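Enquirer: Residue numbers in the sequence shown follow the working numbering, run continuously in steps of one, and reach 1177 at the last position.
Keep in mind the hints are simulated off the structure, nothing from the lab.
Please note: incorrect hints may appear among the correct ones.
[Unchecked claim] When the alpha-carbon atoms are kept at most 27 Å apart in a straight line, the in silico DSSO-like pairs for lysine-lysine are as follows:
id, residue 1, residue 2
1, K1110, K1134
2, K1152, K1167
3, K1101, K1167
[Unchecked claim] Computed spacing ranges between beta-carbons, pair by pair:
id, residue 1, residue 2, range
4, A1142, L1099, 33 to 43 Å
5, F1121, P1091, 29 to 39 Å
6, D1120, I1092, 19 to 29 Å
A quick note: this is a predicted structure, and the numbers were derived from the prediction, not measured.
Ideal Cβ placement from N, Cα and C applies to all residues, glycine included.
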Amino acid sequence: VSPIHPEYYELAKIARDPAKAKALMAEAGQADFEHELITVDEDWHKNTGDAIAAQMRDAGIKVKRTVLPGSTFWNDWTKYPLSMTNWNM
């Protein structure tokens, strides 16, 4: 929510800690699990998804990128376990 929204709440910033992320994934038994991040093929969705995937990889999280045309993505987007839309970035 934007800072100009009446329901905005300031949260404490969380420091980026790739080593901790790797340890948490290992502790959860997910060190070798490969996530699939699915986005629509519009440039900003694709580029933002690529940036998110790169950050996941920096944290030791395995991620496969899938970019779909809008006509395919929007038909099934609620069925994807990890996808990016305008509302959940």
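Enquirer: Hint by hint, say whether it matches the structure.
Expert: Here is what the structure says about each hint:
Between K1110 and K1134, the direct Cα distance comes to roughly 25 Å. Compliance with the 27 Å bound is thereby established for this hinted pair. Under the criterion of a C-alpha separation no larger than 27 Å, the hint pairing K1152 with K1167 is consistent with the structure, at around 17 Å. Restraint check: the Cα-Cα separation between K1101 and K1167 comes to about 31 Å, which exceeds 27 Å; the hinted pair is violated. At roughly 24 Å, the beta carbons of A1142 and L1099 sit outside the given window of 33 to 43 Å.
Between F1121 and P1091 the Cβ separation comes to about 35 Å, which falls inside the hinted range of 29 to 39 Å. Separation of D1120 from I1092 is about 43 Å and departs from the stated range, judged on CB atoms against 19 to 29 Å.
Figure legend: structure checked against the earlier numbered hints; hints not met, in rising order: 3, 4 and 6.
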